[in-house]
Each structure stands twice: as structure tokens, then as C-alpha cells.
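Asker: We have chain A; now place chains B and C onto it with these hints.
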Amino acid sequence: MLVWSKSGRIATWAVAVPLFLLIYGLPIGVIVLASVSGQWNDILPTKLTLAHYSDAFRADSFDALKGSLVTGVVASGAALVCGTWAALALRKMKPVPRRILDLFFFIPSAVPSVSIGLGLLVAFSQPPLLLNGTKMIVLIAHFVLISAFTYGNVTAGLSRLPIDCEQVAESLGARPFYRLRRVTLPLLAPYLIAAFSLSFALSMGELGATVMVYPPGWVTLPVRIFSLSDRGAIFDAATMATILGAATLLVLIGLSRISTKAMVR
Amino acid sequence: MAEATVMERMPASSKPVVASASAAAASGSRIGFEDVSVTYGSLTVLHSFTLTVNPGEIVALIGPSGSGKTTALRAVAGFVKPSSGRILIGDRDVTYLAPYDRKIGMVVQNYALFPHMRVDENVAFGLRAHGAAEDVIRKRVPECLAMVGMAAYGKRYPRELSGGQQQRVAIARALAPRPQVLLLDEPLSALDAQIRRSMLDELAKLHRDLPNLTVLYVTHDQTEALTLANHIGIMRDGRLQAFGGAQSLFRHPPNRFAAEFLGRANLLPASDLQPGEGDRAHVRFGGTVLSARNHHRLPKGSDCLVCVRPHDFRFTRTATEPNSIGGTVVSVQWQGDVHNITFEAGGQTVRMTSTPMASPPAIGEAIAVHFDPDEVTLVPEDARHG
Amino acid sequence: MAEAAIAGPAPRTAPQSLWVVPPLLVLAVLFLYPLALIARASLGEEAPSFAAFEQVLKSGQFIDGLYHTVVIAISATAGCLVLGFILALVIAFVPFPGARLASRLIDTVIALPTFLVTLAFTFIYGSAGIINETLMHVLGLELPPINFLYSQWGVILAEVTVYTPFVMRPLLATFSLIDQAQIEVASSLGARPARIVRRIILPAALPALVAGGSLCLLLTVNEFGIVLFIGAKDVITLPLLIYSKAIQEFDYTTACVIAVVNVVLSLGLYTLYRIVVAHFGGKSAGVV
Numbered sequence: 001m002l003v004w005s006k007s008g009r010i011a012t013w014a015v016a017v018p019l020f021l022l023i024y025g026l027p028i029g030v031i032v033l034a035s036v037s038g039q040w041n042d043i044l045p046t047k048l049t050l051a052h053y054s055d056a057f058r059a060d061s062f063d064a065l066k067g068s069l070v071t072g073v074v075a076s077g078a079a080l081v082c083g084t085w086a087a088l089a090l091r092k093m094k095p096v097p098r099r100i101l102d103l104f105f106f107i108p109s110a111v112p113s114v115s116i117g118l119g120l121l122v123a124f125s126q127p128p129l130l131l132n133g134t135k136m137i138v139l140i141a142h143f144v145l146i147s148a149f150t151y152g153n154v155t156a157g158l159s160r161l162p163i164d165c166e167q168v169a170e171s172l173g174a175r176p177f178y179r180l181r182r183v184t185l186p187l188l189a190p191y192l193i194a195a196f197s198l199s200f201a202l203s204m205g206e207l208g209a210t211v212m213v214y215p216p217g218w219v220t221l222p223v224r225i226f227s228l229s230d231r232g233a234i235f236d237a238a239t240m241a242t243i244l245g246a247a248t249l250l251v252l253i254g255l256s257r258i259s260t261k262a263m264v265r
Numbered sequence: 001m002a003e004a005t006v007m008e009r010m011p012a013s014s015k016p017v018v019a020s021a022s023a024a025a026a027s028g029s030r031i032g033f034e035d036v037s038v039t040y041g042s043l044t045v046l047h048s049f050t051l052t053v054n055p056g057e058i059v060a061l062i063g064p065s066g067s068g069k070t071t072a073l074r075a076v077a078g079f080v081k082p083s084s085g086r087i088l089i090g091d092r093d094v095t096y097l098a099p100y101d102r103k104i105g106m107v108v109q110n111y112a113l114f115p116h117m118r119v120d121e122n123v124a125f126g127l128r129a130h131g132a133a134e135d136v137i138r139k140r141v142p143e144c145l146a147m148v149g150m151a152a153y154g155k156r157y158p159r160e161l162s163g164g165q166q167q168r169v170a171i172a173r174a175l176a177p178r179p180q181v182l183l184l185d186e187p188l189s190a191l192d193a194q195i196r197r198s199m200l201d202e203l204a205k206l207h208r209d210l211p212n213l214t215v216l217y218v219t220h221d222q223t224e225a226l227t228l229a230n231h232i233g234i235m236r237d238g239r240l241q242a243f244g245g246a247q248s249l250f251r252h253p254p255n256r257f258a259a260e261f262l263g264r265a266n267l268l269p270a271s272d273l274q275p276g277e278g279d280r281a282h283v284r285f286g287g288t289v290l291s292a293r294n295h296h297r298l299p300k301g302s303d304c305l306v307c308v309r310p311h312d313f314r315f316t317r318t319a320t321e322p323n324s325i326g327g328t329v330v331s332v333q334w335q336g337d338v339h340n341i342t343f344e345a346g347g348q349t350v351r352m353t354s355t356p357m358a359s360p361p362a363i364g365e366a367i368a369v370h371f372d373p374d375e376v377t378l379v380p381e382d383a384r385h386g
Numbered sequence: 001m002a003e004a005a006i007a008g009p010a011p012r013t014a015p016q017s018l019w020v021v022p023p024l025l026v027l028a029v030l031f032l033y034p035l036a037l038i039a040r041a042s043l044g045e046e047a048p049s050f051a052a053f054e055q056v057l058k059s060g061q062f063i064d065g066l067y068h069t070v071v072i073a074i075s076a077t078a079g080c081l082v083l084g085f086i087l088a089l090v091i092a093f094v095p096f097p098g099a100r101l102a103s104r105l106i107d108t109v110i111a112l113p114t115f116l117v118t119l120a121f122t123f124i125y126g127s128a129g130i131i132n133e134t135l136m137h138v139l140g141l142e143l144p145p146i147n148f149l150y151s152q153w154g155v156i157l158a159e160v161t162v163y164t165p166f167v168m169r170p171l172l173a174t175f176s177l178i179d180q181a182q183i184e185v186a187s188s189l190g191a192r193p194a195r196i197v198r199r200i201i202l203p204a205a206l207p208a209l210v211a212g213g214s215l216c217l218l219l220t221v222n223e224f225g226i227v228l229f230i231g232a233k234d235v236i237t238l239p240l241l242i243y244s245k246a247i248q249e250f251d252y253t254t255a256c257v258i259a260v261v262n263v264v265l266s267l268g269l270y271t272l273y274r275i276v277v278a279h280f281g282g283k284s285a286g287v288v
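Chains as they are written, first to last, in the working numbering: chain A, 1 to 265; chain B, 1 to 386; chain C, 1 to 288.
Calculated directly from the structure, the hints in this document are not laboratory data. Values in this document were obtained by computation on a predicted structure and should not be read as measured data. Some clues are possibly wrong.
Claimed, not checked - Only pairs whose alpha carbons sit at most 35 Å apart, straight line, appear in this in silico DSBU-like list of lysine-lysine:
1. A:Lys66 x A:Lys261
2. C:Lys58 x A:Lys66
3. B:Lys205 x B:Lys81
4. C:Lys233 x A:Lys47
5. B:Lys155 x B:Lys139
6. A:Lys66 x C:Lys233
Claimed, not checked - One-sided and incomplete, this derived list gives chain C residues near chain A with beta-carbon spacing under 10 Å:
7. Gln16
8. Leu24
9. Val26
10. Phe62
11. Leu105
12. Thr108
13. Ile110
14. Thr122
15. Thr161
16. Leu228
17. Leu240
18. Val263
19. Thr271
20. Phe280
The beta-carbon is built from N, C-alpha and C at its ideal position, and this holds for glycine as well.
Excised from the complex, chain A in its bound form (with noise of 0.2 Å):
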């Protein structure tokens, strides 16, 4: 406790909470609002529908929706391999080569994502990897943006793992992989749950990079509330863009659910 008075500490929150609501909750409250808008030429909006909703599940938005979940599952499930691969690779390494592999499993989170997407137009426009214009070049900028952060979340559980039980069931006669599908795995569950909620929310946002390398049939939902913003159909936007913010919660609450299970146990 900072300050001991209470005129003092009502001052303090008097001051702190309007500021937090008025930095994070208006924001938010204003974006929800919007979605259900009809009409809003006055200070707050003059008519509430629900129509933006039902448009959203359908065609264009609806198409959105879909691809963002895929790509955001896809992009994150192969991230999660490739992260949790390294990291239990790296684990047995020596430190000088270890951590400079460390440095360049993280290097991806330093690049801007426009210029990943940059690159990946570059690089697989032109022959032996012709892949622009497909899903796969948005699911691999995806992964691309993503891989460093599973793989800085699965190698701080892996830090964190009880070496004792590894080490047990060795002793009681496990090889290398037995251990891992039946010990280091199941331990490591919870931090791979977290692991995938981050990167999947991350995916669920990303913008930089996939509005450089989008086809057209494949559009995510960040690109659609862009465009919608874009072309003065802010409602429309406010309403994908709350779908957005409420799946990406869903998943990420949900996951989370599952993981302290895992926790527990």
C-alpha cells in the first residue's frame, strides 16, 4: 500500500480508473455500440439493429470469417510442431551453438510483418516456389509471423519442466521417445495450449503481411474490416471487427480453460 489515507487513495482512483475506462473500456464499448447501430448522426446512435450481424454471416464477411479461423488454426497448429521441434531440439545442444540458434528462431518477431510479406511475394513469384496467388502464401506469412513466439513460449515451459521426472523415466528404462509422448509432452501440455492461443490470436489480427500477399479468394478478417472501413462502411467494420475480438477470446478463454486443467493436474 502506497498511500495510506483514504481521501488519498479515492483520489488516486478517482483520477486512475476514469483514465483506464477511458483509455481501454471506451474503445471497446464504442466498437460493440457501433456494431449495433442503425443509425448514429448524434451524439449516440439514434437507432439500434442487428442487421450488420446478419449480413456478417453472410457471403463476403461470412467467407472472411472462415478464413481467418483456418488460417489462424493452420498457420498456428504447424507453428506449434516447428516451435516445440526446436525447442526440444535445441535443449540438447551446447550453449554456444544453442544460443545462437536461439537468437535466429526469434529473429522473425523482429521483422516487420510487411516486409515478411514483401519478401514472400518476392521470393514465390518467381520459380522454384511459385506459390503466389494461393491459400499457402497466406498461411506461410502467417506461420512466418508466428514461429518465434511459440517457440520463445514452448522453450520457457521446457525451462520450467521438472528435470527430475524426465530424468526418472529414464532411469526406469524409457527411451528418448517413449519419454517424450509419455512424459515431456503431456508436462509440457499446458505451456503448448498457451502457446497456440498466442499465436492464434496473433494470426486472427495480423494485417502487414497478408494484405501484401492475399488472394483474391482468400481473405481474412482483418483485410475485410480494412476494406470495409476503407469504403465508409464503418458499422459493417465496427461489427466484424467485434466478431473478431469475440472469437479470438472465445478460443483464447477457452483454451486457457483447458490448460489450467492440465495445470491442476
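Answerer: Below, chains B and C without anything else, positioned relative to chain A:
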């Protein structure tokens, strides 16, 4: 020099062990360290360590933390690679064998039960890893759980068990695949005192039930070592300081460190050793002549230490008995079942314990204590003997 | 017999380190190869030359973009540090009902896409937004009085909102390690809050502030969504310049040159971030 005396005092290790591989499981396997050194970079944590645990025997390695005892155990398990020397289990050289090929059981301080598996799955783990048949597992798991008194807990998760119960499960898990040797790394250190005592009894009983099991037991607690072990190795700074039968090591410690670490003996500096009848010898301590056993055959005229356990002193108020030391009381402590008295004699602080006294001495009072020469040993002075 | 079976040390280190090859290969093809091609493309289409580089680096557009990128990044980071420190201080040391909710909200904001806040700002600060409408009603104005959103201030405000949680998270982790008793003893000795903050909390929070600040700098330099959504004509940053050159003008060489500069800038900031974290220790900085 000290190592040479240790080597001499290891009759067990020089005896050739004849155990064929096929009979190993039935009659137990030895654990052999042959000149094992372990280094991490420039740091040597185990120096030319040589020791044998005979089949069916319990050997305890004790020593302060950082003495290398856990390193020695982990070298047997295969988690530490020796930089030189050989490690044998039975008559297999396992030095470069992976841990999962060594057929060992291991129990560690913090139990390390697999938190995501039920107790019976934990116990079955080793059997499954070895590819045992399901009906073998169904028979063996309850058997092992019954052995440690946990038969009723098979369907629980580790987090639902107390520390003592978890450690029992860990022992059952280690024993389930019928290992040739059992490695116990401070198995009782995480338990509170009362449970530790009862677990100690159970470990002793377990070994009576499995007399062929060879056990290497690492601990920093001398009570555990003295209660369980046939032989005890005392370690310091990566070296074996002393090795011998539990009783003889306690009664006749070969050096100062062994005497102090095992049973906190008083070591009175004495001089001018004169051999007497039998293994008796007389030495000069301050102004008095004391008699004690010269178990280590220290030469005539040498300086040495008189090793007296606190409970070997008998209390008198005046120096009427032979083998008496006079002193001044520094502190008196009553602990219910004993009296601890500290006094100063010949410039040394000496501790004694006695049964509770009706009229204990006062601080500053002059007292005399004496001891039975047969209970007390002369120990070589480290400075001279290496 | 048993001894003959196992002879000599088994060379088990070589195959084990080979396990790292598959993910390394994946990243090399999908990340390094494209990056290398950007670098190659920036040197012109035929013989490598720095002609394109020179031309782009001297162009007004690029200099303008670099200027905006740096100014926005530095201002936004400074804003994040101040706001983040104050909010974290209140949440950690002046606990109020709902403080836990607040820190959950922060985690949520981190998980949400950055451009959402820009969209919200349109409704709040936009020319037909809540604030302007209110002011026009109250003051009877004809034109919206507040008009900063479509300028670099709008971008900075949006970035401060979005990236402040990245400063707060390590700060809250650090604050939870500060012994509350230390603060209680200090206040019992008569130290005023301001003094406690200056003498006890600020020094302890320094690693987290530096780590969070350098992370913010990196993220704001690379920020794309916010700038794109605000869409102000005169606020062009490097990532946006790359986008408009490549996608709208099909001028890949120029885009690649700017991308090289942007990547080098980012990697430099990332190196700084890693050095800072390594120097203060990852734990005390509370970084994932």
C-alpha cells in the same frame, strides 16, 4: 596418503565378485566404481572414486553438500558422464550405456511422480517402457503398491497424496521393473521428522523383504546412514574420506573428518602415545594421561586425537576415577530426556550428554568426567597423516 | 561377455544435434530465403549496384517516411512508458476493487489486433465522433472542433493505447516482486509516496521499463495496421511506404530498398532489446 589408508580399509572392494549375468536378477548385482572422475570444465567434482557395493548390500554415501555424493549416484544412473574410470553394474560395464539401458531403479528427493498419471500408471510406467505384457502389469503393479502399503491408492493422482505417500509410490515405481540396483538420492529429506523416522523403518523392512536388492543410498543425514547401511562412505570435496562397516566407522573413525561428521565426536589433541596391553594405548592430554583403544595402530610417541562421543563421558564431581578429565562448566542445557553439558578442559571445548541429572552442575563449576577406555579410540591427526 | 558388448564411448552427440535441422530448414526456406531475395532485389535487377539505393534514400518520400517512423515511434514509446508506469503503479500499490479485472483487460488488449483501436477512435475522436458531436451541440459550432485524429497525433495516441500494456506487463511482474514490507517500513519512517516511488520503486522498475520501452520501440517502428487505418495522407511510415510502393505502384525495387532499411532498423532495435534483457536478466524484466 589418506586415500591409501582408505583403500587399505576397503576389504570389500578388493574381494573379487563372482556373479554371472543370468543369476544377477535373482542374487543381486554389485555396483562398482573403478577410479571414476567427473569434471565440469575445470571443476572436478569427483576425484578417482573407487567403491564397491556388494550384491544385496546397502551402502550409504554421506557428506556435506557439494561433497560429490549425488554426482557419484547420478554417474551410476547415467545422468553424469565420467571423464575417466569405469562404472559396473553386476559385471556389465555401464560407463557409456544410456540410462534407460542400465536396469536401475531411482528414487529422488522430491519424488518426481508423473503428475499427469494416476498412481497405478506411475508404477506401471517402467514395465510399459520395457514392453511388459498387460497381464504382467496387472499382476505386478498391485504387488508393488502392496509392498509399500499403498495398495488402496492406485486410482489417485499424485497431487492427492501426502509427501510420505508420494515417496512410497516413487519407491514402488522404481521397484516395479525389478531393477538390479536401487539408487536412493536423499529419499527422505523432503519429509518432516516424524514421517522420516517411520519411512526409515519401512525402508529397512523393505530391504529385509528384498534381501537381494543392491542399494546405493545418498544422504546428508547420519541417522539414516547408520540405521540402514551395511557400509558407509564418507565424502568431502569429491573424494572418499572414509569407508567401512557402519558400526566400525562410527566406533573407530579413521580420521578427524569422519569422526566429526559421523556423530559429532569430541577430538582431544593428545601427544606422546605409549602402547599398552592389547590394543590399548596411553596418551598425554594436558597434564593427565588417558587410556584408549589404539585401533589404527598409531606409532609410539606420535601425536593423535582422542575421539570421545558426547555420551561416552561419565560425570563425576571430582577426579577420583581413572581416565578423568577436569574442566569448568560453560553451559548446561536440559532437553527433557538428556542433559547437554559443555565444559572447558585443557583449552578445548568439550560436549557431553548424560541422562537427566537430579542436580546438574552450575555454570562455572569445576567438574570431572571420565570414560571407559574400551569405548574410546585414538584417531590420527589429519595434519600429519595427510 | 557383458563387458565385450559395450566398448568405448558411444558418439551420441552428432545425431542428436541433427534434430534441429528440419525446423531450421523450414525457417530458412520460408524466412531467410525471402529476406535474402529482398536484399538482392534492392540491388537492382541485373548487375548488383547501389543505384536504386541511392535514388531511394535521397528521395523526399523516403526521408519523410523515415522521419515520421522515428518521431512516431519515439513519442509513442515515451507515452507508453509514462502511462504504463502510472497505471501499473496504481494497480500494484493502490489496490482497488477490480484491479484484477484491470490486469485481465490488459492481457486482452495485448491479444487483440492493433487496428481495432483506430476503428474505435473514429467513433470517438472522428469528425462525426462522440466528442466532436458533443462539443458541436454544447458550443453550437458548425464545424468539428477537434481534428487531430487524421494526423501523426492520432497515430501516436492509438499506438500509446495499444502498446502501453507491453510496458505494464513486465512492470506488474516486477512490482509483484517488490517486498510490500519494504514500502511499509519506508512509509512508517515518514517517507511520502513521491519519495518512495523515486527511491524504491523506480530503481526496482528500471529494468522492466527499459525492456518494455525497447520492445515498444521495436513494435512501434514496425506498426502497420494503425497507420493504414488512420489513412492520413501526410502520415506515411516506412512499413506503409513499402506497402504502397509494392501493392499500389508495383515498384518492387523501391519497396525492397525501403524494406532493407526497415529490417536493418528493426534488427538493430531487436539487438538492443536482447542486450537490455540479457543485461538485466530476463526474469527481473518479466519478459516472456
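Asker: Does each hint fit the structure? Answer for all of them.
Answerer: Okay, the hints, checked on the actual structure:
no.: 1; hint: A:Lys66 x A:Lys261; in the structure: holds (29 Å)
no.: 2; hint: C:Lys58 x A:Lys66; in the structure: violated (44 Å)
no.: 3; hint: B:Lys205 x B:Lys81; in the structure: holds (33 Å)
no.: 4; hint: C:Lys233 x A:Lys47; in the structure: holds (33 Å)
no.: 5; hint: B:Lys155 x B:Lys139; in the structure: holds (15 Å)
no.: 6; hint: A:Lys66 x C:Lys233; in the structure: holds (33 Å)
no.: 7; hint: Gln16; in the structure: holds (5 Å)
no.: 8; hint: Leu24; in the structure: holds (7 Å)
no.: 9; hint: Val26; in the structure: holds (6 Å)
no.: 10; hint: Phe62; in the structure: violated (15 Å)
no.: 11; hint: Leu105; in the structure: holds (6 Å)
no.: 12; hint: Thr108; in the structure: holds (7 Å)
no.: 13; hint: Ile110; in the structure: holds (8 Å)
no.: 14; hint: Thr122; in the structure: holds (6 Å)
no.: 15; hint: Thr161; in the structure: holds (6 Å)
no.: 16; hint: Leu228; in the structure: holds (7 Å)
no.: 17; hint: Leu240; in the structure: holds (8 Å)
no.: 18; hint: Val263; in the structure: holds (5 Å)
no.: 19; hint: Thr271; in the structure: holds (9 Å)
no.: 20; hint: Phe280; in the structure: violated (17 Å)
Checked against the numbered hints listed earlier, the structure breaks hints 2, 10 and 20; every other hint is satisfied.
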